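Quick note, the sequences are listed as chains A and B, same order.
Under my numbering, the residues of the first sequence are numbered 310 to 374, in order.
Under my numbering, the residues of the second sequence are numbered 13 to 720, in order.
Note that these hints are calculated values from the structure, not bench results.
Fair warning: this is a prediction, and the values are worked out from it, not measured in the lab.
Here a beta-carbon is modelled for each residue, glycine too, at the ideal position from N, C-alpha and C.
Heads up, some of the hints might be wrong.
Interface residues of chain A toward chain B, partial, derived using beta-carbon atoms under 8 angstroms [to be verified]:
no.	residue
1	315
2	319
3	322
4	325
5	340
6	343
7	344
8	346
9	348
10	356
11	359
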Amino acid sequence: MPREIALGDALVPGLLVFFVLALLLLWLLDGIAGRLGLYRLVWHPPLFRLAVFVCVFGAFALFMF
Amino acid sequence: MSATGLQNATPDTRQIVVETLREEVNVWLFVVKTLIAFFLTGWLAMRLDLPAPSTAMLTTVIVANRQSGMVLAKSFYRAIGTLAGATAAIAIVAAFPQERDLFLLALSLWIGVCAGGATLYRNFKSYAFVLGGYTAAIVAIPVIDNPPGVFDSSWARISEVLLGLMVSGLVNDIVFPSRMRDVLRRAAREQFAGFVGFVRDSTGGSIARDTMEKAHLRFVRAAVTLEDLRSSVIFEDAEARARSNHLRLFNQRFMAASTSFQSLHHLINRLKRAQRDLAADTLIRLYAPIGEALDAPIEAGAAARVLLPRLVSARDTMRASVPGLRASLSDSQDVRDFDTGASLLTRFVDELHGYVDAAASLQTPRVIAGSAERVRFDRGNDFLGAGLATFRTTLTMLVLGAFWIYSAWPLGSSAMLLATVFAGLFATIPNPTRVTWQVMLGYLSGMAVGFICEFLLLTQVDGYGLLVVCVAPFLALGLVMMMTQRLAFYGLGWAMGFAYILSLKNVQVYDPAHFINDAIAQVVGLGAAAVSFVVIPPAIGSAWLRRRQLARLRGQVALAAEAPLPGLRHRFESVNYDLVSQVVAQTQPGSADSRSLIAWALAVHETGRALIELRHDMARGDVPPTLRPYLDDALRTLARFYEKPDAAGYLLARDAVATAIASVGEHEGVAHLLEHLHLVRMALLDGESVLAAYMPDASLTKDIAHAS
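So that you can see chain A by itself, here it is in the shape it has in the complex:
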């Protein structure tokens, strides 16, 4: 199951790379949402943030298969 990605000929667990990328994307989305005040429309912002992260990470993981 673990697929690996070659970074400069060193094999790196793909899941870890996508995890870091997903975190970066979340950071970006989070900043935009905070700037526009979108979190005011949500009941439990951290839970919402987690849900968004799961979506992003899940979507990234599709690249592996």
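Please build the complex by placing chain B on the supplied structure of chain A, with the hints as guidance.
This is chain B only, laid out in the frame that chain A set:
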């Protein structure tokens, strides 16, 4: 005042019970959250087949904190530190794969530099440095016999540490979060209400020096706390991040306004002491409209905006009354003092208006994007103290490494690792020897309990659920102790020792001999860290560092007099506040050290600000070339005097300022410079200030009369 009345009232029994229960609930909430994070991390790490789930689990213990914003902030910096450490480890292994001496030397240096960097920061950035050192050690040391394994080792450690950080961050963010944002909001509101209230209450007349010093301390704490909170909250709350610049601006304006306010009151106090009541009273009368304008309820939501138009009209009233009040004074000295005070007052009201404006824009529900001026909060760091920490940690690592090489001790790596963690973690606290000792005791008891748990309980059970049941009670005990004041470090040692020594993995190994050997190595590592703190005592909290910080604080006047002007105001204020708060945190309140510090801080603040304003005015208008040398001379001698205070320097500075005042008087159209110079001169001649020690024995009253 109403505040004292509240404190005197005895709280009823019900209130006490509720308070106690709330405290207990907080403690148990912390324990439950940490346990959830611990076991969830372990389960995930085992599911993902990571080689050392115990590393991930140990990480959750290290980041455990009551405030969720803290956990996120910590986690963010720790993640950065982890990545940097792993990169360094790969570089070091790649550079010296065959040379163990050079390898250990490079690793020790890296760890030392990280420990030194950790002492430079008072927020969670210091964790990034600690983790940078620690991760390099845990990646590189196990593969010392097998250099090609460094990639696998580093990826495994990064995955484990990141997993631990992620899970504990999530658990703390989602399960009953206790929000730092609320603390920040309360701090900002208290700062605002406190300052506005103080200004309003003191319009009546002079304030005693004592009250002034206390108020100054309170303002310093408020400013630095707000900055520390801000730097953590931005990780917790995206909206707070969007407002981060506004908050900074708010804080900077607060510092500026409080400095001007203090200068104003020092001026009034001095006039009163010199029996110049007429001038002082006229100033107080001029200042009365401000008090009336601020006399509005400030607890309500949109309060700050309500104050703005009132302040503007008060400023207009004040400006209109200046000529009338000025005309009522007949003595030329009184008029000059009044002019100085009036310009100071105008400055203060402008700054107060800016401060209230910043508060109002913070309170608006919508984020006004990009409208805030960019400002920085500069820190007053001491690089020699950091150098000391670097030296100490490197030395410890080298000694341990040499011992490891010459004794061929199989578990030397284990000892080195633990020494790395604690040398870094405790380099930033004031009394590391005692703390390390406590942690060591806790660590020992944790490991003893771990022995019981591993060999008597875990051997009997099967499956992850039962493992949780067996492990949780022992760990919970340590976590509860972490939350008590007295046993906090003992509990930390307990929880870490316990979590480490169990070294849970997918296929658990039960080997008592290895267990005991490892435990001995751990104690040796901790002992080495403790001894290193005795041999090279940390700079933090020592008289030596305090003297250096005091010298740095005085040097701020030189900065004000000579540094390039753009951004200088903010830089001066924030470094001042940071330095004062550092020294205050490290001294006993009310001790001689603390009092002399505050006395110096007041003098530096007042003179420095006046010099900066003077230089701004000099840069703005044309200063006649015949006048400029005198002004420059005054600036230079003042800077030298504050850098190295002595009686001779004092006389030079005093005379230089007097000459500058006299020569300003001889030129046309530069009268606006006079006010700042007067302020500096009066601060120099204040018999109650810290500068009194350098004055020649002359009659104080006469001197002040001369000055004005």
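Comparing the hints with the structure gives:
1. 315: Constraint on residue 315 (chain A) not satisfied, violated at 12 angstroms.
2. 319: holds, 5 angstroms
3. 322: Given a least distance of 6 angstroms, the restraint on residue 322 (chain A) holds.
4. 325: holds, 5 angstroms
5. 340: Given a least distance of 6 angstroms, the restraint on residue 340 (chain A) holds.
6. 343: holds, 2 angstroms
7. 344: holds, 5 angstroms
8. 346: Hint on residue 346 (chain A): holds, closest Cβ of chain B at ~6 angstroms, below 8 angstroms.
9. 348: Since chain B brings a Cβ to about 6 angstroms from residue 348 (chain A), closer than 8 angstroms, the hint holds.
10. 356: holds, 6 angstroms
11. 359: OK, holds: residue 359 (chain A) within 8 angstroms of chain B, min 6 angstroms.
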